[in-house]
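Asker: Following the hints, put chain B in place on chain A, whose structure we already have.
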Amino acid sequence: MNLRSALKPGVIGGIVITYLSFIGMVERFQDRNVITGLVGLGVVLMLVAYAITSYTTARKSDSPLPTGIAVGFIAGTFVALMTLGLEGLINAGLDVRSMFVSVTPGLLETLEFGLNPLVGAVVMVLTSTIVGAIAGGLVKLDNHLRSAIVYALGITLLMSLGEPILRVTLGNLKIPTGWLYELGGLTFSGTVVVVAAAFGLRWWWMNRADVRKEAAALIPDGTRRTRSRASLIAIIVVLIALPWIVGPFVSDVLGTVGLYVLLGLGLNIVVGYAGLLDLGYVAFFAVGAYAAAIFTSPASFLVTEEGQQFAEAGFTNLWIALPFVVIIAVIIGAAIGAPVLRLRGDYLAIVTLGFGEIIRTLVISDWLSPYLGGAQGLTRVPAAPPDSFDLRNPQHIYYLILAFGILAAYISYRLVDSRVGRAWAAMREDEDVAEAMGISVVRYKLLAFAMGAGVGSLGGVFFAAKIGSIFPNSFGLQVSINVLAVIILGGIGSIPGVIVGAAALVGLPELLREFGEFRLLIYGAILVAIMIFRPEGLIPNKRRQRELHEGQDPAPADLPEGAPS
Amino acid sequence: MSHLLELEGVSKRFGGVQAVDSVDFFADPGEIVGVIGPNGAGKTTLFNIVTGFYSPDAGKIHFDGHNLVGLKPNQITRVGVSRTFQSVRLFSAMTVLENAMVGQHTRTSAGVYGALFNTRKTVREEQKVHASAIESLAFFGERLTPRINSLASELAYADRRRLEIARAMATEPQLLLLDEPAAGMNPAEKEGLIELIGRIRDEKGYAIVLIEHDMPVIKGVSDRVVALDYGKKIAEGSYDEVAADPQVIAAYLGKAGAEEQA
Numbered sequence: 001m002n003l004r005s006a007l008k009p010g011v012i013g014g015i016v017i018t019y020l021s022f023i024g025m026v027e028r029f030q031d032r033n034v035i036t037g038l039v040g041l042g043v044v045l046m047l048v049a050y051a052i053t054s055y056t057t058a059r060k061s062d063s064p065l066p067t068g069i070a071v072g073f074i075a076g077t078f079v080a081l082m083t084l085g086l087e088g089l090i091n092a093g094l095d096v097r098s099m100f101v102s103v104t105p106g107l108l109e110t111l112e113f114g115l116n117p118l119v120g121a122v123v124m125v126l127t128s129t130i131v132g133a134i135a136g137g138l139v140k141l142d143n144h145l146r147s148a149i150v151y152a153l154g155i156t157l158l159m160s161l162g163e164p165i166l167r168v169t170l171g172n173l174k175i176p177t178g179w180l181y182e183l184g185g186l187t188f189s190g191t192v193v194v195v196a197a198a199f200g201l202r203w204w205w206m207n208r209a210d211v212r213k214e215a216a217a218l219i220p221d222g223t224r225r226t227r228s229r230a231s232l233i234a235i236i237v238v239l240i241a242l243p244w245i246v247g248p249f250v251s252d253v254l255g256t257v258g259l260y261v262l263l264g265l266g267l268n269i270v271v272g273y274a275g276l277l278d279l280g281y282v283a284f285f286a287v288g289a290y291a292a293a294i295f296t297s298p299a300s301f302l303v304t305e306e307g308q309q310f311a312e313a314g315f316t317n318l319w320i321a322l323p324f325v326v327i328i329a330v331i332i333g334a335a336i337g338a339p340v341l342r343l344r345g346d347y348l349a350i351v352t353l354g355f356g357e358i359i360r361t362l363v364i365s366d367w368l369s370p371y372l373g374g375a376q377g378l379t380r381v382p383a384a385p386p387d388s389f390d391l392r393n394p395q396h397i398y399y400l401i402l403a404f405g406i407l408a409a410y411i412s413y414r415l416v417d418s419r420v421g422r423a424w425a426a427m428r429e430d431e432d433v434a435e436a437m438g439i440s441v442v443r444y445k446l447l448a449f450a451m452g453a454g455v456g457s458l459g460g461v462f463f464a465a466k467i468g469s470i471f472p473n474s475f476g477l478q479v480s481i482n483v484l485a486v487i488i489l490g491g492i493g494s495i496p497g498v499i500v501g502a503a504a505l506v507g508l509p510e511l512l513r514e515f516g517e518f519r520l521l522i523y524g525a526i527l528v529a530i531m532i533f534r535p536e537g538l539i540p541n542k543r544r545q546r547e548l549h550e551g552q553d554p555a556p557a558d559l560p561e562g563a564p565s
Numbered sequence: 001m002s003h004l005l006e007l008e009g010v011s012k013r014f015g016g017v018q019a020v021d022s023v024d025f026f027a028d029p030g031e032i033v034g035v036i037g038p039n040g041a042g043k044t045t046l047f048n049i050v051t052g053f054y055s056p057d058a059g060k061i062h063f064d065g066h067n068l069v070g071l072k073p074n075q076i077t078r079v080g081v082s083r084t085f086q087s088v089r090l091f092s093a094m095t096v097l098e099n100a101m102v103g104q105h106t107r108t109s110a111g112v113y114g115a116l117f118n119t120r121k122t123v124r125e126e127q128k129v130h131a132s133a134i135e136s137l138a139f140f141g142e143r144l145t146p147r148i149n150s151l152a153s154e155l156a157y158a159d160r161r162r163l164e165i166a167r168a169m170a171t172e173p174q175l176l177l178l179d180e181p182a183a184g185m186n187p188a189e190k191e192g193l194i195e196l197i198g199r200i201r202d203e204k205g206y207a208i209v210l211i212e213h214d215m216p217v218i219k220g221v222s223d224r225v226v227a228l229d230y231g232k233k234i235a236e237g238s239y240d241e242v243a244a245d246p247q248v249i250a251a252y253l254g255k256a257g258a259e260e261q262a
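Just so you know, the protein sequences line up as chains A and B, in that order. Letter 79 of the first sequence, counting from 1, is numbered 79 in the numbering used here, and no numbers are missing. Letter 125 of the second sequence, counting from 1, is numbered 125 in the numbering used here, and no numbers are missing.
There's no promise every hint is true.
Okay, the calculated beta carbon distance ranges per label pair [as the list claims (entries may be wrong)]:
1) A:Ile245 to B:Ser109: 46 to 52 Å
2) B:Ser109 to A:Thr56: 51 to 57 Å
3) B:Gly70 to A:Gly468: 52 to 58 Å
4) B:Ser109 to A:Tyr347: 28 to 34 Å
Taking lysine to aspartate or glutamate pairs in the DMTMM-like style, the calculated list, with each CA pair at most 25 Å apart, reads [said to hold, decoys possible]:
5) B:Lys190 to B:Glu203
6) B:Lys128 to A:Asp417
7) B:Lys121 to A:Asp417
Hints are computed from structural coordinates only; laboratory data are not their basis. Here a beta-carbon is modelled for each residue, glycine too, at the ideal position from N, C-alpha and C.
With the rest of the complex left out, here is chain B:
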């Protein structure tokens, strides 16, 4: 078991739909893996299985020496997997800072007792939570730091996406799963995102897996690309290899389109 994250033959069926069909997958520290595929290919389902929101019907999932199958989402976060959501799901009535502070939950332990008596340990812990949240936000330069006391819902759209990533980073993960981080961004913002994801990898050393429809983004950041269609892995390799794969072209353009291209 040499990979940080390793999936073996993972399957998931919803009623008559085979959402994920015996997929093998891995990711290593410092690596950025892009996951592509048409709508309904099972990409987000795969994320949900890894993060414990769905339990797989079959297959094994190992992460850093832990078996993830059967663990609850919060336990999976604790062992070092963090994620963002396809539709931005911030705690919209909490401030930017508080959103990031929530990310520190698993790295702290204060309970009711600590809160009521404001023990020295709690005070120190709150200082740490605060500092670490500020640090995650500072990663985004001047985008989030000046707005730490705004409500998350008051942020501009692209900043909400950034805050989601900051919140996920605040959990101190080893593996970061990003679900369509570029959705709804303009070209300049996408450029910034590519740079940012690279920087996260370089500075934090996370393994990063991202689902993305935007090919320039995939091309810009991925060390390796995995293509899914109808729940099956249809191609894997460098961006150029995968983009040239006839099965991938067929999946995106339909069979006729694939023939035309050829």
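Okay, chain A solo, but in the shape it has when bound:
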């Protein structure tokens, strides 16, 4: 082992922890219990930083254990010296906080584990060295064991962080939680149970996966189909029960996730299937929302003064308006598609970006404000009958969004393996060749825009119905970017990917709410990490995954010399 090779990652680990301390993250996180009375989140943050630097360095080393120990030791020493240095400066009467606002006595107490500074420094170095040793040791363990250990620790942390939601959920299920949670964190006994259960389950699953791989070939096709159908039904049952298990707050988040699933499925047709990079997708969302509002709100310009009284009761039924909204969106989608048909790739992206902005500018404009309400937006979008089904109730509208989400998923699923889907795939890969194969690129581009617009407008309709009033600033560029991020994060061209992507992108910030000002920092870091470690997305389209990892396979052997590139 080369000590110098451990120096750089060790110092980097130390600097990272110093940085997190100086911006106040460590101290702020320490207020949050992970294991109540024993470990706070600030300490966990440090331990994770030590573990990651040690593990990543040890993995590349010939002698992982000593490397892990060395990296941990160096990082810990760095942090300990930094802490002692701060103590020294403060004792010398220097006002450190005038420069570093977050260097508080509370932070120092955390960094010293509440002990005497010198003893604290020794404990810090010892802790980091032990973490480094464990991380280095993990490298040598066999796959199953390592995976089980990492899962056990990870799930414990998630269980602890998910306390606000999980406690409510378990409460709704009438499962007592007193033994598990205490003062916002896990109890000690709860931790032991969770670690053991997660370890055991993962261990069992990994071993079972091995057996299953061997057995998979023996299972007849029909049985496999029945099984996948059974698991699909199970998922749908869970989805139906979900709002009553998790309560109104999480249901509301689920509704938002559902809206993004709808938008994502629509954009997935345009970007994932047809390969047309559309940065103005928000336009279709806006068309859906505004069209729904115009058709249903008593404040709509379509309502005459004489009709006002009648309209108060609900001008047009949302259910009647729905198909018209979709038809309008499809027409507008094709109309937006038409002028950009000749454009490809980057150029198309920029032009669609422009279209998105044009729509936003139009809805906010004074010119159209008699019809679209301008900056005031359109309000009083009524709930749809029957009265017992309240669209403002997050637990109710969830079902509406779920139903149409399933419909959109079904449409995507049917299309992708059809003649239409193949034509899109061919066009995505090479427009000229697709044309030479007899595919009318013009027609299929228009079709993709129209289908994407139709599905996206559904998102708009339910957005309007859910909120009850719509304002122009809900339809900015950010929506287009978020929807695109949903499908990239989940895996372009993959239907389950869109669902998981939407859950991650919309759900994470909600779950991270308790981290206050650090929420978006963590959120951004997680997104970057996902894209680095899984560039193909969380649940990739199988074909794309093969494509992305193609470079790792040996090249075709019989490539003749002098082959034209």
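Answerer: Showing chain B alone in chain A's frame:
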């Protein structure tokens, strides 16, 4: 108009370059026409004009009773002209089978409605597409059939060339345009290609036009050879006639070389 494909005085200019200069050309069913000429002679441009990727500045193109000038490439494929590309251009992220299935596009009609409701017509059509794709692939013996579920990009080079031809055949054409099908193949593979092209003609009855630099291949398959240089047709006839033509020799070897040969 007795020929299947007939070009009359077709010209195309790119800026200052006269890429194709009033070329007359024809091809008949069951005939293999080789097109030769040095780099930049306008061979591929000619293909691009016939298949609708370029519109000619002047001239007429007739195919099986259709006027091809002004038609889009996809419409030209529909009337029965299919092509391969000089650099292999497969749909690399699609499987071998799917590549061939795309070729069936113009011979089928299922749309969104059929796909969503899986109508009986769509099901039958998909079965037909599948069967016909398998058939085009089977034409290549054991080269493609065992690999129908591999990605096109996972194929060996020569097999990618074969798949390109299979995909073009899946469009059920009457005329097949092959742009340098032998490029990058080794001698044994070229032998196989000569045999294959002959077999396609015999079994399918297509008219086949191929651009090729490899003279043994041209010699091996062509019923008739057309030589282009600087966009002009400089010779036409049997391989031996064209190969002996002083203008052709001059075009390939330069004037000095031609004199030396003489």
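Asker: Please go over all the hints and tell whether each is borne out by the structure.
Answerer: Status of the hints after comparison with the structure:
Distance hint check for Ile245 (chain A) and Ser109 (chain B): the Cβ-Cβ separation is about 47 Å, which falls inside the suggested range of 46 to 52 Å. For Ser109 (chain B) paired with Thr56 (chain A), a C-beta distance near 55 Å keeps the hint of 51 to 57 Å intact. Gly70 (chain B) and Gly468 (chain A) have their C-beta atoms about 54 Å apart, which keeps the hinted 52 to 58 Å range intact. Distance hint check for Ser109 (chain B) and Tyr347 (chain A): the Cβ-Cβ separation is about 32 Å, which falls inside the suggested range of 28 to 34 Å.
Of the pairs offered as hints, the one joining Lys190 (chain B) and Glu203 (chain B) holds, with about 20 Å between alpha carbons and a cut-off of 25 Å not exceeded. Distance hint between Lys128 (chain B) and Asp417 (chain A) is fulfilled; the C-alpha atoms sit about 15 Å from each other, no more than 25 Å. Of the supplied pair hints, the one linking Lys121 (chain B) and Asp417 (chain A) holds, its CA atoms being roughly 16 Å apart against a limit of 25 Å.
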